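*Asks:* Chain by chain, the residues:
Protein chains: 2
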Amino acid sequence: MDFRRYAEELAGAAREASRVMAELSAEEKNRALVAMAEALEDSRAEIEKANLRDLAAGEKSGLKEAFIDRLRLTPARLEEMCRGLRQVAGLDDYVGRVIDRRVRPNGLEISRVRVPLGVVAIIYESRPNVTVDAAGLCLKSGNAVILRGGKEAVNSNRALAGVLRRAARKSDFPAAAIQVVEVVDREVVDELLKLNNLIDVVIPRGGESLIRAVAAKSSIPVIKHYKGVCHIYVAASAGVESALRIVDNAKTQRPGVCNAVETLLVDRAIAESFLPRLYDLLRAKGVEFRGCPETRRILTNIAAAGEEDWYAEYLDLILAVKVVGGVGEAVDHIEKFGSRHSDAILTGSEEEAEIFLRRVDSSAVYANASTRFTDGGQFGLGAEIGISTDKLHARGPMGLEELTTYKWVIRGSGQARP
Amino acid sequence: MDFRRYAEELAGAAREASRVMAELSAEEKNRALVAMAEALEDSRAEIEKANLRDLAAGEKSGLKEAFIDRLRLTPARLEEMCRGLRQVAGLDDYVGRVIDRRVRPNGLEISRVRVPLGVVAIIYESRPNVTVDAAGLCLKSGNAVILRGGKEAVNSNRALAGVLRRAARKSDFPAAAIQVVEVVDREVVDELLKLNNLIDVVIPRGGESLIRAVAAKSSIPVIKHYKGVCHIYVAASAGVESALRIVDNAKTQRPGVCNAVETLLVDRAIAESFLPRLYDLLRAKGVEFRGCPETRRILTNIAAAGEEDWYAEYLDLILAVKVVGGVGEAVDHIEKFGSRHSDAILTGSEEEAEIFLRRVDSSAVYANASTRFTDGGQFGLGAEIGISTDKLHARGPMGLEELTTYKWVIRGSGQARP
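Residue numbers (the working numbering), protein chains in the order written: chain A, 42 to 459; chain B, 42 to 459.
Source of the hints: derived by calculation from the structure; they are not laboratory data.
Just so you know, these numbers come straight off a predicted model, no measurement behind them.
Any given hint could be a false lead.
Treat identical chains as interchangeable: a pair holds within one or across any two.
What the hints assert, rightly or not - For lysine-lysine, the following BS3-like pairs were computed, each having C-alpha atoms within a straight-line distance of at most 27 Å:
#, residue 1, residue 2
1, Lys268, Lys258
2, Lys258, Lys101
3, Lys235, Lys258
4, Lys235, Lys265
5, Lys235, Lys377
6, Lys211, Lys377
7, Lys265, Lys90
8, Lys235, Lys268
Make a model of the complete structure from these sequences and hints.
*Replies:* Rendered as structure tokens:
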């Protein structure tokens with residue numbers, strides 16, 4: 042098989058379709074998204090059949106139960122995807138919005154106007170719902186999308202995308218704007234990542250190793266976050282009950298996600314009263330503590346935290362704890378070991394809160410709230426295609442606006458440059 | 042020499058300084074910029090002496106006269122740099138601006154606030170004025186800057202940056218925020234481009250080969266434009282006198298720059314009347330024409346344009362000409378051969394203008410004006426660090442706003458996620 046040619050044809054078709062997509066009205070796009078939701082509902086049997094093939098193959102090849110579970114398309118999950126498409130159809134359309142407009146002394150009228158990015162490639166792992174969720178967001182924002190899911194989900198993804206494309210065709214919508222990589226060999230991804238003349242941005246979604254591999258190979262801009270080593274700093278003036286509740290929430294409400302807290306920094310002045318209470322609260326929920334030497338003088342029976350713990354994204358019921366001497370030390374620790382995702386201060390001092398919010402260089406900085414809120418839905422974006430810890434283009438949760446760019450539109454009446 | 046260690050120390054110092062920079066007020070930054078301009082004026086003799094060493098070395102090694110000229114720091118050029126610093130001091134500061142703010146139903150107050158990018162590396166060629174111009178823009182926007190100019194200008198750049206740093210120290214401004222790569226070996230650049238944990242963005246300025254080399258090697262996001270293959274499409278309804286004036290301006294006013302026109306597309310209906318007049322006008326200014334077969338039936342003594350001409354950025358008094366059958370063909374040609382820089386339509390039809398402006402996927406799209414206006418100053422940005430033909434983060438001329446990013450700032454009162 043000629044992987045390069047396959048990648049070029051697929052991306053070329055997406056690029057052609059992106060030109061049509063960019064000109065669709067909000068109504069045309071919304072109508073197609075609703076038609077796609079209806080088509081998915083009407084095609085449940087077909088989708089479940091394809092999914093069963095993936096599940097059977099996965100079980101045969103000995104995939105872990107957690108993996109199989111992520112692969113499974115239950116009726117509830119299908120319904121959730123359809124609800125997502127309808128919700129996205131109801132969101133604002135950014136395409137065509139005028140960001141700003143100025144008339145120059147020479148009479149030139151200069152505007153910046155939002156336009157789609159063009160062709161967006163999404164590279165993800167096992168969950169087939171990403172196929173529908175990501176397609177919905179990319180299409181709504183006027184982009185063509187290339188979807189490359191995990192090879193274990195290839196039958197499910199092919200079936201889902203097939204249904205979306207059939208619905209697109211019926212709505213006079215360019216079906217080629219939805220491209221699924223059905224050839225599972227990794228070489229296809231390698232070839233796609235070279236096509237910077239056809240693909241405008243790559244968004245990898247999954248574990249750190251997948252994302253690092255994509256970023257290392259891609260000659261196309263990548264928007265990504267490697268990991269979320271989120272911190273909470275409990276200052277001396279923090280309200281103890283509130284701090285206990287927030288740290289508990291950030292650690293235990295859903296420990297396997299990127300905005301869960303991994304390292305707790307505690308001011309020396311409050312450590313001796315706060316840490317034992319936190320320990321009792323979280324131990325009862327099965328949280329393992331790892332501490333700096335000072336923490337271990339207070340919580341005498343916990344394990345020591347080594348340097349690797351300060352860098353760790355546990356994604357598990359483990360909490361690293363360090364005693365620090367004030368907000369400056371807390372900020373320095375986050376600068377050195379953090380991942381620029383989400384970091385919070387809990388404090389009774391507004392002045393101290395502002396110092397933390399100003400100095401910590403992360404995508405999301407919090408005062409007196411749980412880091413678990415870093416999410417497009419929670420932030421009011423309506424939906425989220427991913428989270429960026431990069432600094433260019435988009436930072437933190439990325440919604441529909443971040444799936445667009447702008448161009449300069451200049452209207453003149455014969456101006457030449459003197 | 043340990044290039045890696047040198048690069049890490051230099052970038053590490055910039056990173057540390059960037060933390061101080063991010064907290065400076067507009068007044069502190071502006072005061073330092075003015076002090077730098079004064080210091081440059083007071084240090085003319087020192088700078089000219091260093092520049093003479095570069096000029097002597099350049100002549101000895103047989104550099105071309107045009108190259109030597111770009112290297113030369115005349116009193117007028119020095120004065121221009123100082124004026125630039127003072128002008129940047131007078132521009133708005135974007136750091137700290139609130140982009141948007143929302144209060145969620147749970148009471149969380151969520152804002153997006155502009156912050157500096159952090160550490161910006163500028164990689165450029167022979168002109169030493171970039172050292173001062175780029176430093177001024179980066180510092181004004183709260184960033185630390187790493188400057189790597191051409192090795193032929195190393196003495197001039199070292200002297201200029203030395204003066205800037207002395208002035209910084211006197212203004213209680215972090216002198217380490219201005220880093221000059223004084224070791225000219227290319228390996229230093231290669232090592233710098235790997236430091237994506239210390240440097241936030243790389244902006245290469247210079248010829249296409251420099252920019253391609255930087256983009257290929259960098260693991261840090263790069264903002265760039267490879268080239269400007271700018272088009273003007275003269276529609277059937279264009280005013281002939283106005284079209285002649287605009288094409289003349291776009292081709293001959295300054296042919297060596299990226300926003301000069303390279304390919305002219307002419308509607309078939311007007312070609313026979315328009316092209317001979319344009320030919321007479323531009324031949325008198327020394328412009329060489331290269332045409333498609335149809336053009337050559339009208340302008341019988343011009344050379345043929347081959348496929349490579351449609352891709353060419355001549356940066357010279359050469360114009361490729363193609364006859365097309367309407368706005369659709371013009372847009373298709375630009376999509377296929379263009380470089381997404383600046384493209385214009387000249388037309389008497391507002392409807393046709395809007396089709397072109399909507400469909401052409403370039404950083405700057407014009408109706409009835411010269412492409413030569415694509416420039417931060419002309420667009421009213423006050424200044425320009427470069428032009429981007431990428432789609433992420435910044436498109437077209439990049440000013441001070443594009444040297445910032447944002448972070449999400451969340452102020453709560455004890456919220457945990459349900």
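*Asks:* Now tell me if each hint is right for this structure.
*Replies:* Results for each hint:
1. Lys268 / Lys258: Cα proximity of Lys268 and Lys258: in one copy and across copies (19 Å, 24 Å).
2. Lys258 / Lys101: neither (32 Å within a copy, 43 Å between copies)
3. Lys235 / Lys258: Both. Shortest intra-copy (8 Å) and inter-copy (14 Å) distances satisfy the 27 Å Cα cut-off.
4. Lys235 / Lys265: both (18 Å within a copy, 17 Å between copies)
5. Lys235 / Lys377: between (33 Å within a copy, 18 Å between copies)
6. Lys211 / Lys377: So Lys211 and Lys377 fail the 27 Å test inside a copy (54 Å) and across (29 Å) alike.
7. Lys265 / Lys90: neither (33 Å within a copy, 48 Å between copies)
8. Lys235 / Lys268: both (25 Å within a copy, 19 Å between copies)
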